[in-house]
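Based on the provided sequences and hints, a complete structural model is requested.
Here the protein sequences line up with chains A and B, keeping their order.
Last residue of the first sequence: number 152 in our numbering, and the count goes up by one each step with no gaps.
Last residue of the second sequence: number 818 in our numbering, and the count goes up by one each step with no gaps.
If you are wondering where the hints come from, they were derived from the structure by calculation, not from laboratory data.
For each residue, glycine too, the CB sits at the ideal point set by N, CA and C.
Be aware that a few hints might be false.
Keeping only pairs whose Cα atoms sit at most 25 Å apart, straight-line, the calculated DSS-like set for lysine-lysine is [stated by the list, open to error]:
(1) B:Lys562 with A:Lys65
(2) A:Lys91 with B:Lys562
(3) B:Lys454 with A:Lys65
(4) B:Lys757 with B:Lys717
(5) B:Lys138 with B:Lys4
(6) B:Lys454 with B:Lys441
(7) B:Lys360 with B:Lys385
(8) A:Lys65 with B:Lys803
(9) B:Lys675 with A:Lys65
(10) B:Lys441 with A:Lys91
(11) B:Lys801 with A:Lys65
(12) A:Lys91 with B:Lys807
(13) B:Lys675 with B:Lys598
Here are the computed distance ranges between Cβ atoms for each label pair [said to hold, decoys possible]:
(14) A:Lys65 with B:Lys717: 43 to 51 Å
(15) B:Asp204 with A:His110: 23 to 31 Å
(16) A:Asp125 with B:Asp770: 45 to 53 Å
(17) B:Lys562 with A:Lys65: 16 to 24 Å
(18) B:Met724 with A:His110: 21 to 29 Å
(19) A:Asp125 with B:Val783: 26 to 34 Å
(20) A:Asp55 with B:Thr577: 19 to 27 Å
(21) B:Glu137 with A:Lys65: 49 to 57 Å
(22) A:Lys65 with B:Met724: 31 to 39 Å
(23) A:His110 with B:Gly432: 42 to 50 Å
(24) A:Asp125 with B:Asp204: 24 to 32 Å
(25) B:Lys717 with A:Asp125: 27 to 35 Å
(26) A:Lys65 with B:Leu608: 34 to 42 Å
(27) A:Asp125 with B:Thr411: 45 to 53 Å
Away from chain B, derived, C-beta distances all over 10 Å, residues of chain A [claimed, not checked]:
(28) Asp125
(29) Glu126
(30) Ala130
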Amino acid sequence: MTADIRNWVHIGTLEDIPREGARCVKNGDMTIAVFRTAKDDVFALEDKCPHKNGPLSQGIVHDGCVTCPLHNWVISLETGAAQGADEGRTAAFPVRLEDGRILIDLSYSHEAV
Amino acid sequence: MTKQKLVIVGNGMAPGRMLENLFEKDRDAYEVTIFNAEPRVNYNRLMLSPVLSGEKTYEDIITHGDDWYADHGVTLHKGARISGIDRQAKTVTSETGITASYDKLVIATGSSPFIIPLPGKDLDGVLTYRDLDDVEKMLGAAKRAGRAVVIGGGLLGLEAAAGLKMQGMDVTVLHLMPTLMERQLDPAAGFLLEAEFKSRGIDVRTKANSHEILGDDAGRVRGIRLDDGTEIAASIIVMAVGIRPSADLARAVGLEVNRGVLVGDDMRTSDPDIFSLGECVEHRGMCYGLVAPLYEMAGVIADNLLGGSSEYTGSVTATKLKVTGVDLYSAGDFSEGDDREEIVLRDASAGVYKRIVLKDNKIVGAVLYGETSDGPWFFDLLKKGTDVSDMRETLIFGQAYQGGAPLDPTAAVAALPDDAEICGCNGVCKGKIVATIKEKGLTSLDGVRAHTKASNSCGTCMGLVEQLMQVTLGDAYNPAAVTPMCGCTHLGHDDVRRLIKSKELKSIPAVMQELEWTTSGGCAKCRPALNYYLVSDWPDEYADDYQSRFINERVHANIQKDGTYSVVPRMWGGMTSSKELRAIADVVDKFNIPAVKCTGGQRIDMLGIRKEDLPAVWADLGKAGFVSGQAYAKGLRTVKTCVGTDWCRFGTQDSTGLGIKLEKFMWGSWTPAKLKMAVSGCPRNCAEATCKDIGIICVDSGYEIHFAGAAGLDIKGTEVLGMVKTEDEAIEHVAALAQMYREQGHYLERIYKWAKRIGLDEIRRQIMDDEAMRKAYFDRFVFSQKFAQVDPWSERVSGKDKHEFKPMAVLTKEAAE
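The following block contains the structure:
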């Protein structure tokens, strides 16, 4: 076992998010984009593209990535890292699915390195 | 040495296998007593589907008959449900009053079908699909014919549906999710499965939510009603939506139970003398409903009963659908992920789809459809964690094809039937082209054009004709390279558009399967393009996929750099009124809209609106009569006009009136790229019609129609299409031109680029000279508009896509810390 203390917060259910879509969760000043893939996997990223802060929640979700609606950067849903030739990383938060309930841990993220 | 006493509660497949393992190791260690609630010996539950379909009988599927129990000295109490366990005295008691004492107890109570709590669930004729009693009830119903409705498009539901169909019933499958067996299959394979079931005459309805089961006065099922109001008459309803572990007995006697009976890696429950296995247990958070994990658990318990220390560490599972004639295999985990790679093989002619998911050069998941003989090989590589880097290139072709040839890019064309239309302009089919190539010994594209007229007009089918030549002539012909639509396919836009029509593909998964996409779900480039092509080609049948649309078209406003939106209401022909302007002013004040601007297309743009406010903004605008200006659409944007004969001393025609008529006729239509129009009342051209996608210049003698102008990235004056005499003719020609562009344009290709590709003369010939063709284009445009002219703003004010406009959750400080 690791010594990490996890702080899971229930934010809604799988059915709240359309397949290949996203919804937002507001946490104070920060907005978190919660994505659901075609295979019903769920990922959470800060709703900010590393390029020009575009709202990733508004992008097209495909093959484990989201394409930012502002300038078409492609961001990995799992790690938050920009794909291809672009460089940058958005904070990604751990997500757990329990019987269709979505829990995220905002105390912990793979921050920009 | 006195034997220890082993009592088993339940007589399913798991304890059967456990006893076999136990007796193999030590025939004499235990005196065994089994209590079974079912009045039968042990049979192979996996084979219920062949019994239902009539391919096997009950006797064929018995695994342990009465003789086996007698031979092994096992006491079997049939029809004896256990009602209590005394853990202090170590005894069990059945409802039939039999008490037995134990040294070790095994709980194997299995699972029970999940019953959806619908009104009418208790009616006579509502069945589940779990044991032989259920099968017998279904067979009884099948004798009376009629329709069976199966709720659940998973493994069990589909097997039940196929069996009932083979027994002569009409069958409808209702499935809540968009694709069948979504837990085991990705959407592409789910689509193939759905097509196969439909071809067998089984009515499959996805996204179907059951509302109520309907009964007659005698308390028998007569049908079912769905949430959307649809009623389906049925004589039986089969619920096959899943199972839940039967853990009531364990819970009642105080064992630790979560979803199922909790066991550790040694398969012991919270009482060390009580083991549990099968579908009733929960191990490391997992409950299993497949047979392979049950067998692994059986081996572990058998060893531990004899003083061993075996551990069960969980199972990776594989699924095979047991419907004769359907080959389907799925194993492991095939979800998407950044650290994963996938290899996809599609063979449209053979109906084959294979997908392997790799992580760190190891197989973690596999889905096979149509050809599953390599399933066990892939599963074996998966379980062993074999590094497959050396055979990556040929892995997907299977074990026998190590070192096989690469994919043939012409396979999709080769698979077309002879009567598939290749050239839409001249109505030439594949059979005619292939036959002519052979008869005349043709070797060049020009030769094929001369003898068949294929690709002789607009030329969009050229790529396909070239591929046909390659298929027919082999290596003797080398077609010009086609630029693929995106990295997911080797086909160009023209090829994809022609194949969508000739193969009648009507959904994105259908296109990806039949045209052999190399990724499972497409990308942000091809999905919006395919969505447009399908909307354009099948306006009445295709269900728009919003998740494949760019955000502006999904929320009907224009996203700005800070994530806010701008909103442009429609002002027909650029005309407005004091009432409209007042309403706009009120909305600007009420929602603190920071910027208001006049656009180049004679509209008013309100910028900086928060997404959450959009529906309320639209509601207020709607009350003043405004509809969406579609300033965000790859579709008809604006028709700009001058004031024409109404006011202008030079005006020759009612340019404002014509502009309004055109806009009211054409609004809502989707086009490959944005479409901007203008009508000027005289050659002074105050509406700047000669740099628009389509423009009209009014003159004394009629209307000069222009097209293919540009005033953006490129600057280009329009070309003249031709002259017409009346307003009605002008509208007909403009709509026909727009329809031709709608049908042939590549996604995101503006009309001037399309015109350059097709040729101005060809466009003039089809629209100006060929009356029949023009009328056909016009009629298709009119038909499409029947489905396109719905105001998206009022739809959303009425509640459509509510989820788009509000956050899923707002966390308070306390919750987050």
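Evaluation of the provided hints:
no.: 1; hint: B:Lys562 with A:Lys65; verdict: holds, 20 Å
no.: 2; hint: A:Lys91 with B:Lys562; verdict: holds, 8 Å
no.: 3; hint: B:Lys454 with A:Lys65; verdict: violated, 61 Å
no.: 4; hint: B:Lys757 with B:Lys717; verdict: holds, 12 Å
no.: 5; hint: B:Lys138 with B:Lys4; verdict: violated, 43 Å
no.: 6; hint: B:Lys454 with B:Lys441; verdict: holds, 14 Å
no.: 7; hint: B:Lys360 with B:Lys385; verdict: holds, 14 Å
no.: 8; hint: A:Lys65 with B:Lys803; verdict: holds, 17 Å
no.: 9; hint: B:Lys675 with A:Lys65; verdict: violated, 34 Å
no.: 10; hint: B:Lys441 with A:Lys91; verdict: violated, 60 Å
no.: 11; hint: B:Lys801 with A:Lys65; verdict: holds, 22 Å
no.: 12; hint: A:Lys91 with B:Lys807; verdict: holds, 23 Å
no.: 13; hint: B:Lys675 with B:Lys598; verdict: holds, 20 Å
no.: 14; hint: A:Lys65 with B:Lys717: 43 to 51 Å; verdict: holds, 47 Å
no.: 15; hint: B:Asp204 with A:His110: 23 to 31 Å; verdict: violated, 46 Å
no.: 16; hint: A:Asp125 with B:Asp770: 45 to 53 Å; verdict: holds, 50 Å
no.: 17; hint: B:Lys562 with A:Lys65: 16 to 24 Å; verdict: holds, 21 Å
no.: 18; hint: B:Met724 with A:His110: 21 to 29 Å; verdict: violated, 44 Å
no.: 19; hint: A:Asp125 with B:Val783: 26 to 34 Å; verdict: violated, 45 Å
no.: 20; hint: A:Asp55 with B:Thr577: 19 to 27 Å; verdict: violated, 40 Å
no.: 21; hint: B:Glu137 with A:Lys65: 49 to 57 Å; verdict: holds, 56 Å
no.: 22; hint: A:Lys65 with B:Met724: 31 to 39 Å; verdict: violated, 59 Å
no.: 23; hint: A:His110 with B:Gly432: 42 to 50 Å; verdict: holds, 48 Å
no.: 24; hint: A:Asp125 with B:Asp204: 24 to 32 Å; verdict: violated, 48 Å
no.: 25; hint: B:Lys717 with A:Asp125: 27 to 35 Å; verdict: holds, 33 Å
no.: 26; hint: A:Lys65 with B:Leu608: 34 to 42 Å; verdict: violated, 23 Å
no.: 27; hint: A:Asp125 with B:Thr411: 45 to 53 Å; verdict: violated, 35 Å
no.: 28; hint: Asp125; verdict: holds, 14 Å
no.: 29; hint: Glu126; verdict: holds, 15 Å
no.: 30; hint: Ala130; verdict: holds, 14 Å
Hints 3, 5, 9, 10, 15, 18, 19, 20, 22, 24, 26, 27 from the earlier list are contradicted by this structure; the remaining hints agree with it.
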